[in-house]
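Novice: Hints given; two lone chains; assemble the complex.
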Amino acid sequence: ILNVEQSPQSLHVQEGDSTNFTCSFPSSNFYALHWYRWETAKSPEALFVMTLNGDEKKKGRISATLNTKEGYSYLYIKGSQPEDSATYLCASANQAGTALIFGKGTTLSVSS
Amino acid sequence: SQTIHQWPATLVQPVGSPLSLECTVEGTSNPNLYWYRQAAGRGLQLLFYSVGIGQISSEVPQNLSASRPQDRQFILSSKKLLLSDSGFYLCAWSAGGTYGYTFGSGTRLTVV
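Those protein sequences? They're chains A and B, same order as listed. All residue numbers for the first sequence refer to the numbering used here, where the first residue is 264 and numbers rise by one. All residue numbers for the second sequence refer to the numbering used here, where the first residue is 2 and numbers rise by one.
Hints are computed from structural coordinates only; laboratory data are not their basis. Just so you know, even glycine gets a beta-carbon here, dropped at the ideal spot from N, CA and C. Don't take every hint at face value.
Covered stretches of chain A (chain B as the covering partner; in silico rule of three or more C-beta atoms under 8 Å from a C-beta of chain B) [unchecked claim]:
| no. | stretch |
| --- | --- |
| 1 | 307-320 |
| 2 | 365-374 |
From the derived model, a few chain B residues whose C-beta atoms are all more than 12 Å from chain A [to be verified]:
| no. | residue |
| --- | --- |
| 3 | Gln14 |
| 4 | Val16 |
| 5 | Glu23 |
| 6 | Ser51 |
| 7 | Gln63 |
| 8 | Gln71 |
| 9 | Ser106 |
Anything over 12 Å on all C-beta distances counts as not near chain B; from chain A, calculated [to be verified]:
| no. | residue |
| --- | --- |
| 10 | Leu274 |
| 11 | Val276 |
| 12 | Gln277 |
| 13 | Ile325 |
| 14 | Asn330 |
Chain B with its partners taken away, still in its complex shape (with noise of 0.2 Å):
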């Protein structure tokens, strides 16, 4: 069965700080990759998404960046952090086409 794993649970950072997070997916080859953010009061964002490797597609400008340097890793990185990077960061995959999206347990980032 296929699993996906995201790390760190929860991680207080200062600005400035640079940012790593690691999302991986197990028991499937080729996954559709997908980073999220909820902020406070807001709904969830797409921020990157990568339908193979080395292929990343941004929704928005922003202070982060992400990279997938194996088929079932996608990484989230910043290299100087905002205050305004604060939230609650999903990584999720997908089959493509028409099917679901399974959400890792997110990182709750806090930037202070």
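For reference, chain A alone in the conformation it holds in the complex (with noise of 0.2 Å):
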């Protein structure tokens, strides 16, 4: 079965402050890692698609790297607004790249 972990579970942080957050999948039969922002009363809305090692990907303040052979991914925020609240899910593809595999969730306070 397919693992995605997620770190941290939640993080407060100040505006202005610049975060990151880590998500860890199995490295063997890597086929996508995905990155969605899960905003309170909405949608799950898509970030990044990611699937080659090395690649990095960049939307505004937020950016995320991927590393398919050591099976970790980062996304950071830079310059936190409180607009950035919300909860940060990556995913992984099963073996058949059919389906997502989702881990928790980082949730993001930024306070202003």
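Specialist: Pasting the structure below:
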């Protein structure tokens, strides 16, 4: 069974702080790694899909890196804002690449 | 553009009653379809996925079943609900491969 772990479980930062979260996943039979942002009372929204070892993706102040050989990905938020408050989910595809297995998420709270 | 509809938004059902949650996708054909559940204090758990009409894969044994009677329709059912079926149910679709998922708005199910 594919097991995706995320840390920390929750995080509280001040506006302007930079922060990062970790996602670990099995490195064998790797297919793809996804990051999603899930805001309260909304549906999860896709941030990044990463497939290549060493891949780095960026969207505004948010970026992510991928290490498929050691099975981890980092999500970085530069200069956190209150609107960044959400749960950040990572997910790894199953061996067939037909479904995503999600971690439990990291809940970020940004205070102004 | 593609849209995904999921209903109802909230549902309170007694133990032992049946369940039917419906999800439909518009603006695409032959999507991969998914049902996830988030139980209290837990992460998103994959319940079922489908890569085509009549093709259903179950990730965990449970009191639920899924059907895909039409290309863009995915139904989650139960003959007799248990208290442990309470949770937040999310439907999602994907074009497959390394495309991201688009989630519906979710159904909050409370079994009493």
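Novice: Against this structure, judge whether each hint is valid.
Specialist: Against the structure, the hints:
| no. | hint | in the structure |
| --- | --- | --- |
| 1 | 307-320 | holds (count 5) |
| 2 | 365-374 | holds (count 4) |
| 3 | Gln14 | holds (22 Å) |
| 4 | Val16 | holds (27 Å) |
| 5 | Glu23 | holds (16 Å) |
| 6 | Ser51 | violated (9 Å) |
| 7 | Gln63 | holds (15 Å) |
| 8 | Gln71 | holds (20 Å) |
| 9 | Ser106 | violated (6 Å) |
| 10 | Leu274 | holds (16 Å) |
| 11 | Val276 | holds (22 Å) |
| 12 | Gln277 | holds (27 Å) |
| 13 | Ile325 | holds (15 Å) |
| 14 | Asn330 | holds (17 Å) |
The structure fails to meet hints 6, 9 from the earlier list, while all remaining hints are met.
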